[in-house]
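Going left to right, the sequence shown walks through residues 15 to 189 as the numbering used here numbers them.
What the hints contain is simulated information worked out from the structure, not anything from laboratory work.
Check the hints yourself; a few may be wrong.
Straight-line alpha carbon distances no greater than 30 Å define the calculated DSS-like cross-link-like pairs of lysine-lysine that follow [claimed, not checked]:
(1) LYS113 / LYS85
(2) LYS128 / LYS85
(3) LYS163 / LYS85
(4) LYS128 / LYS163
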Amino acid sequence: MRHLTHADYVSMPWANGRGITIEMLRIEIGGGLLLRLSMATVSEDGPFSVFPNTERSLTVIQGPGFRLQGKDISLECRPLVPVAFPGDVAVRAVGTGGKVSEDFNVMTAAHLPKPEVTVLQNGGTMAARGGRLCLLALAPVTVNDRPVKRHDLVVWEDDMSVGPGGPAIAVRTVV
15 MRHLTHADYV SMPWANGRGI TIEMLRIEIG GGLLLRLSMA TVSEDGPFSV FPNTERSLTV
75 IQGPGFRLQG KDISLECRPL VPVAFPGDVA VRAVGTGGKV SEDFNVMTAA HLPKPEVTVL
135 QNGGTMAARG GRLCLLALAP VTVNDRPVKR HDLVVWEDDM SVGPGGPAIA VRTVV
């Protein structure tokens with residue numbers, strides 16, 4: 015089990031220069047992105063960065079949320095409700111009302127199967143099913159009986175048991 019904390023994360027400016035992303039995990043092959051997990055703050059209406067050949071999932075983890083709007087896309091981003099959208103489509107955050115929301119982002123290469131993003135409200139068991147499990151704790155929890163603090167990330171390639179306490183966000187991916 016790999017247990018990552020804030021000390022392991024990398025802060026970087028957004029590609030569009032309008033904010034900061036905290037990159038928690040990045041997996042590449044040959045310079046091509048396979049998987050990226052990150053957190054970011056949305057504090058005003060404005061464009062999201064475009065990431066060609068990428069699938070995205072966003073879950074608001076704090077704050078009231080906002081809408082993502084673009085050509086043929088309108089998604090309500092509400093607390094603890096994952097939404098998926100293509101990374102190569104231009105979208106804007108709207109309806110922030112000047113209120114700050116923090117979100118958890120999952121990006122995968124478009125040629126891979128889409129990851130499964132699940133919110134665990136009070137513990138549970140996740141089956142790896144031959145893939146990789148990643149868990150972001152939104153409050154202190156235990157993972158396979160080991161304590162995990164808020165905003166820690168656990169990466170595991172076997173079934174995962176999450177103790178009560180949460181919420182937490184689990185991501186199952188083939189990467």
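Hinted pair LYS128 and LYS163, Cα distance within 30 Å: OK: LYS128 and LYS163 at ~27 Å, within 30 Å.
30 Å Cα cutoff - pair LYS163, LYS85: violated, 39 Å
Hint consistency between LYS128 and LYS85 [alpha-carbon to alpha-carbon, up to 30 Å]: OK: LYS128 and LYS85 at ~21 Å, within 30 Å.
30 Å limit on alpha-carbon distance, applied to hinted pair LYS113 and LYS85: holds, 24 Å
Violated hints amount to a single one, hint 3; each of the other numbered hints is respected by the structure.
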